[in-house]
Amino acid sequence: MTQAAAVENKKTKKRRFTFKRHYFAFPYFFLSGLFIVIPLIILFVYAFRGADGGFTFSNFASFFTTPHVLRAMGNSLLIGFATTALCLALAYPVALILANSRFNKTMILVLMFVLPMYINSLLRTLAIKSLFDIMGIENNFWRITIAHVYDFFPFMLLPIYTVLVNMDKSYLEASNDLGGNTLKTWARVTLPLSVPGIVSGILMVFMPTVSMFAVRDIVINREEWPMFGNIIDGMFRTESMYGLGSAYAMILLVMVMVTMVVAGRVNAKRQREVQGK
Amino acid sequence: MGVHANSAGEKFDKIIELKNVTKVYDGVTVVDDITLSVKRGDFITLLGPSGCGKTTLLRMIAGFIEPTKGRVFIEKADVTELPPHRRPVNTVFQKYALFPHLNVFNNVAFGLKLKKIEDGVKTDKKGVEKPVFRKYTKTEISEKVESALKLVGLEGYSKRDVNSLSGGQQQRVAIARALVLEPKVLLLDEPLGALDLKMRKEMQIELMAMHKNLGITFVYVTHDQEEALTMSDKIVVINDGAIQQYGTPKIIYDEPANVFVANFIGESNILSGKMIADYRLEVLGAEFECEDKGFSKNEPVDLVIRPEDIQLYAKGSGKGVLAGKVTSGVFKGTHCEMIVATEGYEFTVQNIEGKPVGAEVEIKIPPNGIHIMKKIRTVNEFVTEVSGEDTVEIAGGTFTFNNTQGFEKGDKVRVRVPFDKVFLTDSEDDGVIGGNIVQSYYKGAYYQVQLYTDTDQDFYLDTTDEWDLDDRVGINIPVDGIEVERYMEEEESSTSKSEIQD
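Chains as they are written, first to last, in the numbering used here: chain A, 1 to 277; chain B, 1 to 502.
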């Protein structure tokens, strides 16, 4: 009888569906396969396909041989550097102030700096374009750069703020105790310890800026300063040169990945030091 | 000339002086009017339970906190407003606070690289001599760092990453980092708290040796009474933001100034009794001989009896004065610890020879084993206002009293509430006001409990129930428990706090 019961038990066990925790990941896997992996494969195929349908490197070669494409890449990098530098210069002092509980008791100040992120970006960009027109800022390099700074500022602010706010205040006290005034303590303790935040801030601003094109399209007042994103955009939308467009997109992708790996290395080392062990 | 000689003599006496130092955080007084002086070269320990204000006091000496009131002096110079980097003291932090981005060498060298030293004098055009400052050279720094590391037993560790060191080694780096600057005073904020017992004992001995060899003043903060008794020249027992007692470890142990000190330092039996005459004490219905006099007749007192001072004799021997029964016994290696129950109290007794559990005994306490303390308070007293027809305000709550003397609303009054008229409730909502239990002493037939209200006032009460520390409770006072009398302004000066002298 017990045996029969055991068999019965086994049967019901087999039939019953048990929900495992990893099932929760399936929807994401499905979506990422559909919208990330498959498009990447298509991109890859197009990038290595010539006009005749055969395998070729010529799409990649054209990047290095077409002057206006190279110039667009130069523009993107230049605007990217300028945007990142400005964001850093503006965000670091703000983060320092916000991380000091004396000035920021309720987090409301942090919210004030982050809130613009929640406003529709098209609206935001159109608004800043109007501002440029009102203020008479004609230079397109600055129009593009400032618009990007405006867009990406919170992405620089938040990681630096997070590092500073979580930093053990006893390090500052120790430096103070050992003879460091406010400035020296900042230079010798706070700054080196906030490197991880700075690096992630730089990544979060530099990478999207370099590949951006829509902001530039909205804020410029005449056809100047084409960015690399605009070239790719043109290849797909107006010129239907999918092979070239895919190759350029892949070049951008590789650049972004290299930057991330390098920054990741720097960060991991510093993070190990800061968090210990 | 006389002044000069005087100051030279005194200069080497008091290295740190705190004068009426008070610190208030958000309306809560953490350090309450502390006056303290530290002798040059002493190893002094600030001892007290957590939250008593000892760390705040240390941080005021270091300069991280500015006192709300009072002055801080180091070597006669008023440093109250001086930032930490300009004070001749260095701190060893509780969690070391070693810089994680620097290796051992650079951690120790941190202060040296910032320091400017006098390097001769220069005579300017007007013929005025001015000191010339320079920084340490690289070789000077590395010599000093190496010798500091040698002092703490970490030679050869200079290239190591601080995160790769054990807790004890990190502690040593922290000490080296502070000592390398040759401070006049080394401040140590519970430096051994994070170490395991064996390591802690080792570091205690090393710290004592360092103190002896270097000859500089150590101010040490701890909540560990054993550590304090072992290491210090002098102990400052702090509770509730105020100094309870300041003295050598021996005095603190043998002659505790009050119930708190007696309870906090070592194990003790604390009882209430009364002085029936000079050298005669009545406690638990029995008479004892003691060494104290000068109390008024039948004055209630607190007394402390250390477990090792109690002698046990067999029942019927006639040598003891109090009958009791051994209810439990534990062998502790060097001695036997027993609980002896008597009518109204359970004594903790430590004797070399144990008595079997269940044995009927007689208790004898030699006169020098009884330490008598004046009761600090015998009644709860508040100065407040009449808030209604027959109500007074106490600690933010409204209590009803018998208004037989015709007090009117707004009258300033003195309210007295006896210890046995304060009642506690488990739920805060059942009481008129809420409070937290901060201390509880076993007094035999009852417990004496101290609690804090949210308005930072304290209540003492006697209760037969045992309450847990930090419990949140409600407080009730019956109508007949409140005694009200008119408050006279001039009374204040006569009831000023007694000061604690060195």
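Some hints could be false.
Now the stretches of chain A that chain B is said to cover, found in silico as 3 or more residues with beta-carbon under 8 Å [said to hold, decoys possible]:
| no. | stretch |
| --- | --- |
| 1 | 129-143 |
| 2 | 170-180 |
Here are the simulated BS3-like pairs of lysine-lysine, each with C-alpha atoms no more than 27 Å apart in a straight line [claimed, not checked]:
| no. | chain 1 | residue 1 | chain 2 | residue 2 |
| --- | --- | --- | --- | --- |
| 3 | A | 184 | B | 130 |
| 4 | B | 113 | B | 69 |
| 5 | B | 95 | B | 198 |
| 6 | B | 297 | B | 325 |
| 7 | B | 95 | A | 184 |
| 8 | A | 169 | B | 364 |
| 9 | A | 184 | B | 113 |
| 10 | A | 184 | B | 198 |
| 11 | B | 69 | A | 169 |
Distance ranges between label pairs, derived from CB positions [to be verified]:
| no. | chain 1 | residue 1 | chain 2 | residue 2 | range |
| --- | --- | --- | --- | --- | --- |
| 12 | A | 265 | B | 113 | 27 to 33 Å |
| 13 | B | 390 | A | 118 | 32 to 38 Å |
| 14 | A | 93 | B | 409 | 27 to 33 Å |
| 15 | A | 168 | B | 160 | 40 to 46 Å |
| 16 | A | 104 | B | 155 | 43 to 49 Å |
| 17 | B | 113 | A | 93 | 23 to 29 Å |
| 18 | B | 113 | A | 114 | 37 to 43 Å |
| 19 | A | 118 | B | 135 | 49 to 55 Å |
| 20 | A | 104 | B | 390 | 44 to 50 Å |
These aren't lab readings, by the way, just hints derived from the structure by calculation.
The beta-carbon is built from N, C-alpha and C at its ideal position, and this holds for glycine as well.
How the hints compare with the structure:
| no. | hint | verdict |
| --- | --- | --- |
| 1 | 129-143 | violated (count 0) |
| 2 | 170-180 | holds (count 10) |
| 3 | A:184 - B:130 | holds (25 Å) |
| 4 | B:113 - B:69 | violated (35 Å) |
| 5 | B:95 - B:198 | holds (18 Å) |
| 6 | B:297 - B:325 | violated (32 Å) |
| 7 | B:95 - A:184 | holds (22 Å) |
| 8 | A:169 - B:364 | violated (56 Å) |
| 9 | A:184 - B:113 | holds (11 Å) |
| 10 | A:184 - B:198 | violated (38 Å) |
| 11 | B:69 - A:169 | holds (25 Å) |
| 12 | A:265 - B:113: 27 to 33 Å | holds (28 Å) |
| 13 | B:390 - A:118: 32 to 38 Å | violated (58 Å) |
| 14 | A:93 - B:409: 27 to 33 Å | violated (56 Å) |
| 15 | A:168 - B:160: 40 to 46 Å | violated (20 Å) |
| 16 | A:104 - B:155: 43 to 49 Å | holds (45 Å) |
| 17 | B:113 - A:93: 23 to 29 Å | holds (26 Å) |
| 18 | B:113 - A:114: 37 to 43 Å | holds (38 Å) |
| 19 | A:118 - B:135: 49 to 55 Å | holds (51 Å) |
| 20 | A:104 - B:390: 44 to 50 Å | holds (49 Å) |
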